[in-house]
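Chain residues, written in single-letter form:
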Amino acid sequence: MNNPAKIRGFLDVFGDWQPALMAVMVAAITIFALAYALSNKMKQPWFHSIFHRPSLTVIDKRLVIGSALFGIGWGMVGLCPGPALLNVMTGQWDVVLFVAALLIGNRIAHYTVGPAK
Amino acid sequence: MMNELAGGALIGIAAALLWLGIGRIGGISGVIANIFLINQGHRNWSLYFFAGLLASYPLYVLLAGTPEMQITANKAILVAAGLLVGMGTYIGNGCTSGHGVCGNGRLSLRSMVATCTFMAFGVLAVFIMNLLNL
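Just so you know, the sequences run in chain order A and B.
Residue numbers for the first sequence follow the numbering used here, so the first one is 51 and each next one is one higher.
Residue numbers for the second sequence follow the numbering used here, so the first one is 9 and each next one is one higher.
Hints listed in this document are in silico derivations from the structure and should not be mistaken for laboratory results.
Given the structure is predicted, the values throughout are model-derived calculations rather than measurements.
There's no promise every hint is true.
Label pairs and their computed distance ranges (CB to CB) [unchecked claim]:
(1) B:Glu76 - A:Val163: 35 to 45 Å
(2) A:Trp143 - B:Gly73: 19 to 29 Å
(3) A:Trp96 - B:Gln48: 28 to 38 Å
(4) A:Ala55 - B:Leu25: 25 to 35 Å
(5) A:Ala150 - B:Leu25: 22 to 32 Å
(6) A:Ala55 - B:Met10: 13 to 23 Å
(7) B:Asn82 - A:His102: 15 to 25 Å
(8) B:Met10 - A:Gly65: 21 to 31 Å
(9) A:Trp143 - B:Gly60: 17 to 27 Å
(10) A:Ala87 - B:His50: 40 to 50 Å
Restricting the straight-line Cα-Cα distance to at most 16 Å, the calculated cross-link-like pairs of lysine to aspartate or glutamate (EDC-like) are [as the list claims (entries may be wrong)]:
(11) A:Lys56 - B:Glu12
(12) A:Lys56 - A:Asp66
(13) A:Lys56 - B:Glu76
Glycine included, every Cβ here is placed at the ideal spot set by N, Cα and C.
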């Protein structure tokens with residue numbers, strides 16, 4: 051999943067599609083769903099006083115536009131934030147450049163659009 | 009297929025531990041945004057999580073050797089895409105981890121909409137990039 055070439059193969063639905071990465075998501079979502087179901091029976095987390103449940107529930111323009119922008123950038127290079135940060139450790143300048151732009155983009159959105167309420 | 013399932017399971021376990029341990033959603037774009045917050049409570053766990061993510065790389069190299077990593081995009085595209093990912097995940101409040109893994113695991117309608125949207129636009133972007141031979 052850290053390899054941009056593989057991610058682009060996964061997203062290349064109309065070309066040489068490599069669907070194997072679907073298994074990464076299915077396994078991860080299944081395990082987290084089980085943990086989440088377990089947490090519904092717990093009063094509090096093991097080492098903290100409350101579960102910080104996400105408070106936003108509305109499907110708005112902000113969610114769709116943000117996700118669309120992210121999707122375009124993700125497809126262009128094949129890097130989403132997690133693997134991008136991890137790949138900085140390879141020391142390749144291409145990744146450092148991408149992550150620097152990602153951090154600047156985060157701040158631009160923070161100072162123009164601001165945090166969601 | 010076994011490698012993909014095992015990798016996904018590790019991601020799921022990581023998110024599960026963070027949720028059951030301290031009640032936080034393991035979203036990388038959230039962690040990035042939190043790191044910019046000075047003097048706020050949730051900055052600390054984000055820094056530890058970030059340190060753990062970076063530390064997993066040498067651990068992987070030690071156990072399994074250097075992983076393959078090929079970037080084909082040129083520098084201008086890297087910068088444009090990085091800006092889009094940084095802005096988009098901030099505005100949409102999540103990426104493949106926060107929405108894709110945790111949100112869908114919680115059966116959150118918002119995260120399902122977000123996931124369908126970034127998948128669709130990701131597919132579109134790859135289609136156009138391939139068309140332009142980039």
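Need the list of violated hint numbers for this structure, in ascending order. 3, 7 and 10
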